[in-house]
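Protein chains in written order, with numbering that gives the first Met the number 0: chain A, 0 to 330; chain B, 0 to 94.
Treat the hints as calculated values from the structure; they're not laboratory data.
One or more hints might be untrue.
Stated by the list, open to error - In silico BS3-like links for lysine-lysine, alpha-carbon gap of 30 Å or less:
(1) B/Lys77 / B/Lys67
(2) A/Lys232 / B/Lys67
(3) A/Lys232 / B/Lys21
(4) A/Lys173 / B/Lys21
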Amino acid sequence: MYTQALNAAGPSSRQTRPDEDAERLARFQARIDAEDRIEPNDWMPEAYRRTLIRQISQHAHSEIVGQLPEGRWLTRAPSLRRKAALLAKVQDECGHGLYLYAAAETLGVSREELTEQLLSGRAKYSSIFNYPALTWADIGAIGWLVDGAAIMNQIPLCRCSYGPYARAMVRVCKEESFHQRQGYEIMLTLCRGTPEQKAMAQDALNRWWWPAMMMFGPPDGQSQHSDSSMAWKIKRFTNDELRQRFVDAMVPQAQVLGIEVPDPDLLWDEATRHFSFGPIDWEEFRQVLAGNGPCNRERLADRNQAHAEGAWVREAALAHAAKRQARALAA
Amino acid sequence: MTEQNTPLWEVFVRSRNGLAHKHAGSVHAADAEMALQAARDVYTRRGEGLSLWVVPSNAIIASDPADKGMMFEPTASKIYRHPTFYDVPDDVGHM
Ligand SMILES: [Fe+2]
Ligand SMILES: [Fe+2]
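Let's have the full structure, built from the sequences with the hints guiding it.
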């Protein structure tokens, strides 16, 4: 999902802590099983800590990079109402990134390290943000499908075993529903407009549907971290379970819009009470994660440029703070 | 990266319903004034509060989770601190 969990571990990182014996691990698991929340200074296995740092930071990076495709349309929104809404949404995504970085930092990693991991390309972020937003209809499709998929994933994360992550998710989820509704409203307006506008909406759905399906990550059984994450109650549902929920929720919404999900195999299965759907192109997913998606290079270049251009501001602010502190001490 | 790290601050927000300031999260900022501005932008975009506190994170002294038992468990046996410990006949009414 926002944390498709495909980062390899760093070369020198510890896998276990010296005090990690069977009894301590069992006591930790018992706390998890009892639905206790784990807090920053509590004892935790090294693998739990590392899994969380990886997942929360990937989630944070995704929120930050996720501002870029939509940010492109801020100056080209078709009305003041749309512009105000999109600006508020993009600001929210930035806020989500910041809540999440703060949650990751409680596990003993610094903001500067996390930023460096993103800018150097070592850290992953959601594959979805490496696709371009080509038309205004894409802004509708992103809000509806991408934020829709994000909500599907984030609601169970509000009950994640790690307290700071769960609390950040509660805030995020409260803000997320407006994102999806504003996207759907854009789609609805286009679908009720001229035939050309409706065709734009259909084209956006055609391009965003499969990348949105891939947001939930590889199929169960192929995803590297799933089992331990489920046992530790970091994850509550598997990738495939969440993907199925997404399809079941989205297909009727597409029907209301009067546009078609681009899947010839899509079928309501009366026996399972779910939609069955066609195969996902996992090779495309792997390529995008490996850095070969349509916008990977552009996204990283944009983040690096913004960070470099902000360096003088960070330096000046720290110099100003140091000067004031020195004066206060002298007085 | 040779850049200096930007200090961390804890953010507390008092909501409009008259409750006490509550921890909302944290921000990085060079000084207190910028921390307040960042806290406003990050934690009060929807009228969440009427007052903000920012506190340098390293100024907070926290209890040690290892002392949880010693610190908090003794109260579990002091049930006489709760009103339900005391028997009052039903016909006395609400008390
Ligand atoms: Fe978000
Ligand atoms: Fe969102």
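message: Under the constraints set out in the numbered hints, which ones does this structure not fulfil?
response: none
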